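Peer 1: Take the sequences, apply the hints, and build the full model.
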Amino acid sequence: MERRKLESAALFLSLLGVLLILPPIAVVFQLQRRFLGLPLEVIYLFVCWLGLIGAALWLGRRLPREAEAEPPDEGES
Amino acid sequence: MLTPDVVIAVAIGYVGLLFLIAYVSDRQARNDKAAFLRSPFIYTLAISVYCTSWTFYGAVGSAARNGLEYLAIYLGPTLVFIGWWFVLRRLVRISHKQRITSIADLLSARFGKSSRLAVLITVIAVIGIAPYIALQLKAVTSSLQAIAGVGEFPGRTLRGIDEVGLALAVAAGMALFTILFGTRNVDAKEQHHGVVAAIAFEAIVKLAALLAIGIFVIYAGGGLEAIFSRAEAAGIDIYSTGNFDDRWVAMNVLSAAAILCLPRQFQITVVENSNENHLRTAGWAFPAYLLLMSLFTLPIALFGLTSMPAGANPDMFVLTLPLSAGQEGLALFSFIGGFSSATSMIIVESIALSIMVSNHIVMPIVLRVTQGHGVASARGVSRLLLNSRRFSIALILLLGFLYFYLTRDSDALAPIGLISFCGVAQFLPAIIAALFWREASLKAATAAVAVGFVVWAWSSFMPSFQSSSPLVAEIMANGPWGIAWLRPEALFGVEGIDPLVNVVFWSLFLNTTTLIVVSLLSSQSALERVQAALFADLFRRSSAATPAVIRGSATIEDLYFVAERVLGSPRAKALFEGVTDMPPPQFIDRLERELAGSIGAASAHVMLSKVVSGDAVSLEEVFEMAGETRQVIAYSQELERTSAELRSTAQKLEEANTQLRAIDTEKDEFLSQVSHEVRTPMTSIRSFSEILLEEQRLTADERQRFVKTIHQESLRLTKLLDDILGMSALDRGERGWDNAPIDAEHSIDRAIEVCSALAQQRRMQLSVGGRAPRAMISGEPDRLCQVLINLISNAIKYNDAAEPMVEVRSRAGRGRYLIEVADNGPGIPKAERKLIFEKFARGQSGGVTAPAGAGLGLAISRQLIERMNGKLELLPGTGPGACFRITLPLL
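Protein chains in written order, with the numbering used here: chain A, 1 to 77; chain P, 1 to 891.
Hints should not be assumed to be uniformly reliable.
Some, not all, of what chain P presents toward chain A, calculated at C-beta under 8 Å [unchecked claim]:
| # | residue |
| --- | --- |
| 1 | Asn66 |
| 2 | Leu68 |
| 3 | Leu75 |
| 4 | Gly83 |
| 5 | Phe86 |
| 6 | Phe228 |
| 7 | Arg230 |
| 8 | Ile236 |
| 9 | Tyr239 |
| 10 | Gly283 |
| 11 | Trp284 |
| 12 | Leu292 |
Simulated from the structure, these hints should not be mistaken for laboratory data.
Small disclaimer: the values here were computed from a predicted structure and weren't measured.
Think of the CB as a built atom: it goes at the ideal place given N, C-alpha and C, for glycine as much as any other residue.
Peer 2: Set out below in structure tokens:
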């Protein structure tokens, strides 16, 4: 993936992570049901967590390094 | 049997091990051998100082009381680290560039190097962290009681010491330990390799201990499913019904803020970072560490709730569960894990806070009181810094202990930690604005942080004293002076809201609103604008331009004096190496950043401003004039540079012009000279030929004499014209010849032969000095001879000494061949030395009344010699006479 797309992906990942662990999405998994012996929402949170870690690992290896980092066109907020 | 003696001995032994690790690592780091110390994994492990006894003990307690809620404390930081590219990377980059040493330093640097803001941030941090320190003291005290006094637990004695006494002893021990550990030296970058190594080691210990307990619990409880089923059967709600509510959101926000704003996290993540790319690893590895730390929390809590007697403190389940199963070794390991969590937190937190206190409170006061001249000895400032840090560490632990003492009746650990989180979270809006919003002003940041702090102090900090102060309890119930809408936990009359949500929302809402509104209404100072642009354009511009330069007239000695006092002699020497006379502005800027590394940006700025006289005003003025933004300043610097270049060019032009004018005058004089020279022979030729034509009665003798004169005069005329023609031809690059290998000595012989007649005529001595035996050069023999004749005849003609003499000598060596023509005549005055090689120039004050040449000789000679790749010069002699030297490369 090219640089800009990687950065967009990183931003998306962070925002997605925020949305996943907050209501209303998190509430979807509060089903009073157990999976593999554990409450579903516990499984859900840990799976999300693992997914975020995996994605961050993948992105961390691909985002441009210090040397090749050129000034990104981030807008100032 | 675990006696108090055994436990305390193990704890002390463990502390000794930490010392050893820190000591060895420091030595390795100093010898540049410790590559592993700078690995991203050590860095990540050190960041795990986030997991304190709150995590180790409190998370289980929190899970036992509130289910999944404890996870929010780890999910917030996870999200911040997943998004490291956007916030943490900026934070690390700017802090490296600006040599930021703490969070107070960061905000102070961004908002115009304001020392007041730094003081405010420091004070808030110290107060805000007190509950957190208290939490650690409480955890260590409780764990000591739990493990060493099982029989008496929850009794109040441990070898006759009550809880408060034990906590005081723990606090004192921790203070001593941290002072010995963290304030051995003042480093320019505030990096503590030894401490980081020890913290990383502790991170491994606490993770291993918690995982061991987790595995033990799974084993003892018969598997995960069995633990959950048993809990469900015991009537515990294993489903986190209603858990994802506003409190969940608030805790996520708080923990995300805390991972950025906690002084110790800033210290480890930003200040101790040795390579920006380490964030790449930490971005996933730290969340992974947090996941592992929280993996077994819920099972441990549920197993504890079902297997321990009712009323057992769930915060101590990780200790009491293995103890009740008779697993003393595991319990001891668990105790060490919890002890690790507490010590690492206290060490880093108090180092970070002590740096803030000494840099932003003690140093400015000392500078102000002493006018920057009070600390006279070379190591004065270093020692002062260290002492003030030691004092701050003691103070911070004392405050923690006081908080513990005043709130000792509250039971759970987690709520205490949340108070601290909420306190430091008040920095978040200012930090985010510092990194991303250029318009945020100092006034706004100060007001925003202050407002947030007041709301926090009122609604979160004060209520924790409810149990020890009837006044606080009264305010909590009815509001101050009966004003109900000011009740701390129901601000603005919003009832039925969770107290944590209440304070998080109102404090951050008012904080952020103040920041934005005041920024929009106020204006920034010049220095603020400069720093704001520097922060905002972090990735946009090269680091070369650093505009916040102090201009002034400090001498290098003054600056060195300051640097030596702060940085110590060796570092100052290294820094000043190669700097002579007037230090350039870039150097002062660099020095300021180096000093900032030791004493903070604001103090360094004040200190240098005092040294560089009258700076405070001129700096402002310069920036004011330079205009609105940093681009304009950079542009003006560019202009300044260009105009300096222009000035020097103009000066060169002026010099050249002066020379040209001098030559021009010479030329005018020469032209009149030429006309005169031409007129004289022409006149005599004309008159003599007229006589010859008209006068018939001339003797043959006379006729002969007149014709001879005419001949001589026309020869003279021809020579003059030849010279002028030759000169201009040379000038146009014509009349070339091919250099060939020749023996220059032959040319000298010929020249001497030709000139000896002239010398005899003048009755002067033409002596030949030392001669080179044979000198092969590349040239043209006739031209070389011509040059030599010119030089020798000049020396003869202009010599008015009583016993005139001319000496010709030559020598060869080191690839060069030298011919010198020296005389004892009047010499050439200094003013004319440059001119004599110019065309049309001739000695003016040579003391010779009748100039005989046309003033072209030397100019032609020089050009001829240059054609032979040599040079002709006048030696800058002092004695009588002049000495010309021809230098030619030997073949």
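Peer 1: Let's test the interface hint: is any C-beta of chain A closer than 8 Å to that of P/Gly283?
Peer 2: 5 Å, holds
Peer 1: Using Cβ atoms only, decide whether P/Phe228 comes closer than 8 Å to chain A, and label the hint accordingly.
Peer 2: 6 Å, holds
Peer 1: Should the interface hint for P/Phe86 be scored as holding, given a Cβ-Cβ cut-off of 8 Å against chain A?
Peer 2: 7 Å, holds
Peer 1: Restraint: P/Ile236 near chain A, CB-CB cut 8 Å. Satisfied or not?
Peer 2: 12 Å, violated
Peer 1: Close enough to count: is the Cβ of P/Asn66 nearer than 8 Å to one in chain A?
Peer 2: Violated. Min distance 14 Å.
Peer 1: Grab the minimum C-beta distance from P/Arg230 to chain A and call the hint holds if it beats 8 Å, violated otherwise.
Peer 2: 11 Å, violated
Peer 1: Taking the least C-beta to C-beta distance, is P/Leu75 closer than 8 Å to chain A?
Peer 2: 5 Å, holds
Peer 1: Have a go at the P/Leu68 hint: is there a Cβ in chain A nearer than 8 Å to its own Cβ?
Peer 2: 7 Å, holds
Peer 1: Going by Cβ atoms only, is P/Tyr239 closer than 8 Å to chain A?
Peer 2: Interface hint status for P/Tyr239: holds (5 Å vs cutoff 8 Å).
Peer 1: Using 8 Å as the Cβ threshold, decide whether P/Gly83 counts as touching chain A.
Peer 2: Given a least distance of 3 Å, the restraint on P/Gly83 holds.
Peer 1: Classify the hint on P/Trp284 as holds or violated, based on whether any CB of chain A lies nearer than 8 Å to its CB.
Peer 2: 4 Å, holds
Peer 1: Regarding the hint that P/Leu292 lies at the interface with chain A, is the smallest CB-CB distance below 8 Å?
Peer 2: 11 Å, violated
Violated hints, in rising order: 1, 7, 8 and 12; the structure is consistent with all others.
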